[in-house]
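Chemist: Using the sequences and the accompanying hints, generate a full structural model.
Residue numbers (this note's numbering), protein chains in the order written: chain E, 24 to 498; chain S, 225 to 324.
Because the hints were derived from the structure by calculation, they are not lab data. Backbone N, C-alpha and C define an ideal beta-carbon position, used for all residues, glycine too. Don't take every hint at face value.
What follows is a set of in silico ranges between Cβ atoms, one per label pair, in the way DEER data are often shown [unchecked claim]:
| # | chain 1 | residue 1 | chain 2 | residue 2 | range |
| --- | --- | --- | --- | --- | --- |
| 1 | E | Tyr49 | S | Arg278 | 53 to 59 Å |
| 2 | S | Ala242 | E | Arg454 | 29 to 35 Å |
| 3 | S | Pro241 | E | Gln43 | 30 to 36 Å |
| 4 | S | Val290 | E | Asp278 | 54 to 60 Å |
| 5 | S | Arg278 | E | Tyr28 | 19 to 25 Å |
| 6 | E | Leu489 | S | Glu273 | 21 to 27 Å |
| 7 | E | Pro382 | S | Lys316 | 23 to 29 Å |
| 8 | E | Pro205 | S | Thr286 | 23 to 29 Å |
| 9 | S | Lys316 | E | Thr249 | 42 to 48 Å |
| 10 | S | Val290 | E | Lys490 | 41 to 47 Å |
| 11 | E | Leu56 | S | Asn293 | 43 to 49 Å |
| 12 | S | Met225 | E | Glu67 | 28 to 34 Å |
| 13 | E | Ser32 | S | Ser228 | 29 to 35 Å |
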Amino acid sequence: MTDRYSYESIIKRKAEIMRQSTGIDYSKYEKGLFSFDYEGFMNEYSIPLDLVKQIQAEHGVGQTPLKELKNITALVRKIAKPGNGARIFLKDEACNDSGSFKARRASLACFLAKALGFKGVITATSGNYGAAVASQAAKYGLKCIVVQECFDSRGIGQPEIIEKARACEAYGAEVVQLSVGPELFYVFLRLIEETGYYNASLYSPFAVNGIETLGMEIVEDCLRLTQRVPDVVVVTNAGGGNLTGTVRGIKKATDQKVQIVASSVNLAGLHMASDHDFNRKSFTTGHTGFGIPFTTYPDRSDVPRSAARPLRYMDRYVTVNQGEVFFMTETLSVLEGLERGPAGNTALTAAFSIAQELPEDEIIVVQESEYTGAGKHHQAQLSFARENGIDIFFGNPREEIPGTNIILPDKLTDIVAQDLDLRKIRTSLIRNYLKGYSKITNADLNFLKEETNTSLDEVKDILRELKIEWEDANG
Amino acid sequence: MIKSGTWVEIHKIILSPAERASHLPDDTKPVPLEMWLKGTLLKATEIGETAEIRTVTGRIETGTLVGVNPHYTHSFGQDIPELRLIRDKVKKALWGEKND
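Modeler: In structure tokens form, the structure reads like this:
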């Protein structure tokens, strides 16, 4: 007889556990073979932005300063061709309570958990989100459990994750620390079932709804400071919620076209579920190990349907390498007097490169920053890398091999954001949804068009390449 | 013997290698899924013995007693000389040699 708490039994009860812990019946929005009504779902499970703003303002979240990085802009202009070098602004999200934009995502989860009568909140995250949920839970008097992937099989913890555990405990949360592996989700489900707490998933519609204020503020701040809407907004992309929420907020604030650039740290070649690779990466978020899989298949998250669907909202996707981000983190500190965490500076690094492509009068906004400190600090991360046998040296960042070395750019002109091929990413998303189907319905065809943020012609073209038929709308 | 009421850390095997999910990388397959958890010790226990704790949310858990009054040891790491070189590089590039 199978144990009720075995891995298989718990995973089988996933849908039921999720429904109880989120109050959302995801099945209601399912359409076609694999599609779902995303906008209908988001509209039903969202709070008007005025109310979101109020909830956040009353709980130490939002209205963070937009700061012009005048010295970094001047540095860009030293190396850009004459007349180029857009003005770079940074939305200093480290100023939220708990030190990152994740407070925006946590704010609505805790507000709702309290309003719905839950005794506590639970979340599975090794990132800033844990501290954000713990901090917000403290304000509402809610109990809080954070489940982290923290140690490798030698019992060595990633210092950045250890610091986040410390922050969660400082805010009064219980931190369940695990070794490497995707079964974290199993432990998470077991704990939800045991406690009956509200699932403060990063991927719930409310977690994305909470970030919409960030996009809206970027437009409002920018108009106030420069009398224009930003030309480009660069967003660090991991699970996709940051990008999704920010762009939804921008679209609610302006009809003008704002180019959205997603950026991730390149960790190509490192396996996210590998015990050995776990402590060979110097970034625990904002990297391609999350960015690519979540962009090409958003529904891999801890809820049946993710509200974070970044490919719908990005115009461009670039990568930067670990050495470049550490370099820019130090630059931000020494030229702007802003000491911030490295992962949050992924977008800054991309912006440093992209600003060189744009004329001086244009505006580029780096959409977030995060706090830094013991463990998280770039010196702590570089030191940990060196202890783990990673070579650190100056050279050509394009030659960096994640897990083997960290190459700090020798020259400022070596910092170059690398464009990913969006057509390939779209193909990958379509392939991921098509598994097992040879013919799809019209609803699925339209869903893929929305998901990939492209024309119906391009979707059909990709389907032809994959030898998939579709149902014609006109019969 | 560690007294009841002491703040401690326990360790527990959650899934043995055989109980783990399929589709794990080869280096993750042979090792168990482990858990570390802090709480208040409910009965006097020796280090290395099975202990029962109450966590800050009030849950009761059991596991091997591995730590007493656990503290954080993460830091800012060792000195990284390359960071000073970056500082020099970007300051010189922006402010010029006169800044020396």
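Chemist: Are the hints correct? Go through all of them and say.
Modeler: Okay, the hints, checked on the actual structure:
| no. | hint | result |
| --- | --- | --- |
| 1 | E/Tyr49 / S/Arg278: 53 to 59 Å | violated, 35 Å |
| 2 | S/Ala242 / E/Arg454: 29 to 35 Å | holds, 33 Å |
| 3 | S/Pro241 / E/Gln43: 30 to 36 Å | holds, 31 Å |
| 4 | S/Val290 / E/Asp278: 54 to 60 Å | holds, 58 Å |
| 5 | S/Arg278 / E/Tyr28: 19 to 25 Å | holds, 20 Å |
| 6 | E/Leu489 / S/Glu273: 21 to 27 Å | violated, 58 Å |
| 7 | E/Pro382 / S/Lys316: 23 to 29 Å | holds, 26 Å |
| 8 | E/Pro205 / S/Thr286: 23 to 29 Å | holds, 25 Å |
| 9 | S/Lys316 / E/Thr249: 42 to 48 Å | violated, 30 Å |
| 10 | S/Val290 / E/Lys490: 41 to 47 Å | violated, 55 Å |
| 11 | E/Leu56 / S/Asn293: 43 to 49 Å | violated, 56 Å |
| 12 | S/Met225 / E/Glu67: 28 to 34 Å | violated, 57 Å |
| 13 | E/Ser32 / S/Ser228: 29 to 35 Å | holds, 34 Å |
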